[in-house]
Amino acid sequence: GDSVTQMEGPVTLSEEAFLTINCTYTATGYPSLFWYVQYPGEGLQLLLKATKADDKGSNKGFEATYRKETTSFHLEKGSVQVSDSAVYFCALSESNAGNMLTFGGGTRLMVKP
Amino acid sequence: DTGVSQDPRHKITKRGQNVTFRCDPISEHNRLYWYRQTLGQGPEFLTYFQNEAQLEKSRLLSDRFSAERPKGSFSTLEIQRTEQGDSAMYLCASSFGGRYTDTQYFGPGTRLTVL
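Protein chains in written order, with the numbering used here: chain A, 3 to 115; chain B, 57 to 171.
Simulated from the structure, these hints should not be mistaken for lab results. This one's a predicted model, so the numbers in the text were calculated from it and none came from an experiment. One or more hints might be untrue.
[Unchecked claim] Calculated from the model, a selection of chain B residues having no Cβ within reach of chain A, i.e. all distances over 12 Å: (1) 71; (2) 108; (3) 140.
[To be verified] Computed footprint of chain A on chain B, listed as stretches where at least three residues anywhere in the stretch have a Cβ under 8 Å from a Cβ of chain A: (4) 86-99; (5) 142-153; (6) 158-170.
Beta carbons: idealized from backbone N, C-alpha and C, even for Gly.
Please construct the entire structure, taking both the sequences and the accompanying hints into account.
Okay, here's the thing in structure tokens:
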């Protein structure tokens, strides 16, 4: 079955540091890939997505590139802010499997001033 | 567009009681999904509807769980004879599904605590 593995947290960074959160996946077909973010006390929000190989998703300074050869979708940001502190979830869905999302376990990011 | 809403936001119940949660999707979204999230974990798929038809159910959805989506609008998730292991956040998401992958938008969730 499909699965998503992401680096365990928490990840603690100082403001303006570079962020990478690793995500790798296993899928039977050609999935779409997503990053969702969950801020404290709030629901899951879509951060970015990519639907085919070599696509780059980007939003709010975050980027991730769909790498089929390494089955990866790592999240990056060049300069984090305190307001980026949240839990980040990598996920995939397959259109031939009802489009239900398969999530990784989440990575908590803590950004200190 | 007010987004996906869920009610109640919090529910505390005693073991053995029945509970029902409601989800109102974004209007005109034809797909509706239920997920369960336990503390420190990612959400896990439970079931999904396309319009009023329930098309997929996870093995996580035991016989004590039932979901409906009458008329293809709002949905309810009922848990009968609750157990302490049912304590979790129950998330609803909706999307406008076409031929290809759609984007799911999540509600705030209903946090269930079974005492």
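Hint by hint, here is what the structure shows:
1. With a closest Cβ-Cβ approach of about 27 Å to chain A, residue 71 of chain B is found to remain outside the 12 Å limit, as its non-interface label requires.
2. Every Cβ of chain A is farther than 12 Å from the Cβ of residue 108 of chain B; the closest lies at roughly 16 Å, confirming the non-interface assignment.
3. No beta-carbon of chain A is positioned within 12 Å of the beta-carbon of residue 140 of chain B; the least distance is around 22 Å.
4. Given as covered by chain A, the stretch 86-99 of chain B passes the check, having 7 residues with a CB less than 8 Å from a CB of that chain where 3 are the minimum.
5. For the stretch 142-153 of chain B, the stated coverage by chain A is satisfied: 4 residues place a CB nearer than 8 Å to a CB of that chain, which reaches the threshold of 3.
6. Only residues whose beta carbon comes within less than 8 Å of a beta carbon in chain A count, and the stretch 158-170 of chain B has 8; three or more means the coverage holds.
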